[in-house]
Amino acid sequence: MRSIWRTLDRRTVAAVAAACFAVGLFGVSYGASTIAAGFPMWMPIVMAVTVLAGGSELLFFGIVAAGGSPLAAVVAGLLLNARHLPYGLSAPEVFGRGWKRVLGIHVLNDESVAFATAPGDQERKRAAYWACGIGVALCWPLGATLGAALGSLVPDTSALGLDAVFPVILLALILPALRDRATLRPVLVGAGLAVSVAPFVPAGLPVLIALGGLAFALRPPTPEQVAA
Amino acid sequence: MNAPYLLPAMLALAVGTYALRWTGPAMRHRLRLSPRAIHLLDTGALVLLAALVATATLPTGSGHLGIALPAGVGVGGVLAWRRAPLLVTVLAAATTTALLRLIGVH
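Line by line, the protein sequences are chains A and B. Quick note on the UniProt record's numbering: the first sequence kicks off at 1 and runs consecutively. Quick note on the UniProt record's numbering: the second sequence kicks off at 1 and runs consecutively.
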C-alpha cells in the first residue's frame, strides 16, 4: 500500500480523500433511509460491503420497500450496474494479478474508474485507482453503518445539496480528458443521448445507450480504404 | 421487512455485480485489440462517466427536475474547469444547491 501513496502527488491524494468523503456522506443517507424503510440494520451494511455499488443498493431496497418483488429488485440493480462491464473493458490494466486481482475487480466503481481514466502514466493510474477503490470500499460501508445507527437523526441530504456531490466529483475527474476535442464530441453526443432517453427507459439503460456516442469517435475512412 | 427471497436476492445482486465487473477485464485479457479499438474503449469509459454525470444532474427520468441541482453542478463544473481543488469544487456545488433550495428554488 505504501507504494500507492509514494506514486501519488498531493493533489491526487486530496482528490481521492474528497471523493471518499463524499461517498461516505452518501453512505450515511443510504443507511438511514434503508432503516427508515423498515429493513434490519445489518442488511444495508452487508449490501454495502458485498455489492459496493451505491445506486443499485438504494434502488434494490427502494423497490422491495415499495412492495416490488425481490426478483424485480435484483434485475433493476443489475441493469443499473451493467455499466461496470464496459468500465472493465475500457479501464487500463490496473487490477493486478492473483488474489490482488480478485479485490482489484471488486473495487471497480464510478469514482475509481474516473481516477484510472485521468491522463498520466500507467503507474500513476494504477495507484490512483487502488487508492480510490479501497477508500470507497471502506467509506461506503462505514457511512452506511453510521447512517443505519443514527437512523432518523440524519437530516434530509437533498436539503444539504449532497446530491450535487456525486456528479460534480465525476465531472471534475473527467474534465482533464475532455480538453481533447476528439474525445469531447462522442462524450457530448453520448451525454445528450442519455438525458433524452432517460424519461422512457429503466434506470441504468440511459448510460449504456450513451455508448452510441462512440459512433462520433470514428474517424472517416482514408481514401485508400474507400478505394479498396 | 421480511419479504420472501430477500436474502437470495441480496446474494444474487452481489454475485451478479461482481460478475459484471469481472467480465470486462477478463475479456480484454483474452482479446488482441488494435490500437484503434483500445482508443475507442478508452473513450467509452469517458462517455459512460459523462452520461452518468448528465443523468445525475438532469434526472429527466425521475419526475422531479429542478434548477437547484443543475445550477450547483454548473458552479462546480466551472470551478473544476478553472482547476480549483476538488474539495473546494464539491463544497461550492453542494452549498449552491442547498442555498437555492433554502430560498425555495427547486
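Since the hints were made in silico from the structure, they are not lab data. Cβ coordinates follow ideal geometry from the N, Cα and C atoms, glycine included. Among the hints, erroneous ones may be present.
[Claimed, not checked] Footprint (simulated), chain B over chain A, 3 or more residues, beta carbon under 8 Å:
hint : segment
1    : 125-133
2    : 139-146
3    : 165-175
[Stated by the list, open to error] Just a sample of chain B residues kept apart from chain A, beta carbon distances all over 10 Å, derived:
hint : residue
4    : Arg32
5    : Ala50
6    : Ile67
7    : Thr97
8    : Ile103
9    : Gly104
So, going through the hints one by one against the coordinates:
{"no.": "1", "hint": "125-133", "verdict": "violated (count 0)"}
{"no.": "2", "hint": "139-146", "verdict": "violated (count 0)"}
{"no.": "3", "hint": "165-175", "verdict": "holds (count 11)"}
{"no.": "4", "hint": "Arg32", "verdict": "14 Å, holds"}
{"no.": "5", "hint": "Ala50", "verdict": "4 Å, violated"}
{"no.": "6", "hint": "Ile67", "verdict": "12 Å, holds"}
{"no.": "7", "hint": "Thr97", "verdict": "3 Å, violated"}
{"no.": "8", "hint": "Ile103", "verdict": "12 Å, holds"}
{"no.": "9", "hint": "Gly104", "verdict": "12 Å, holds"}
In this structure, the hints that do not hold are numbers 1, 2, 5 and 7, in rising order.
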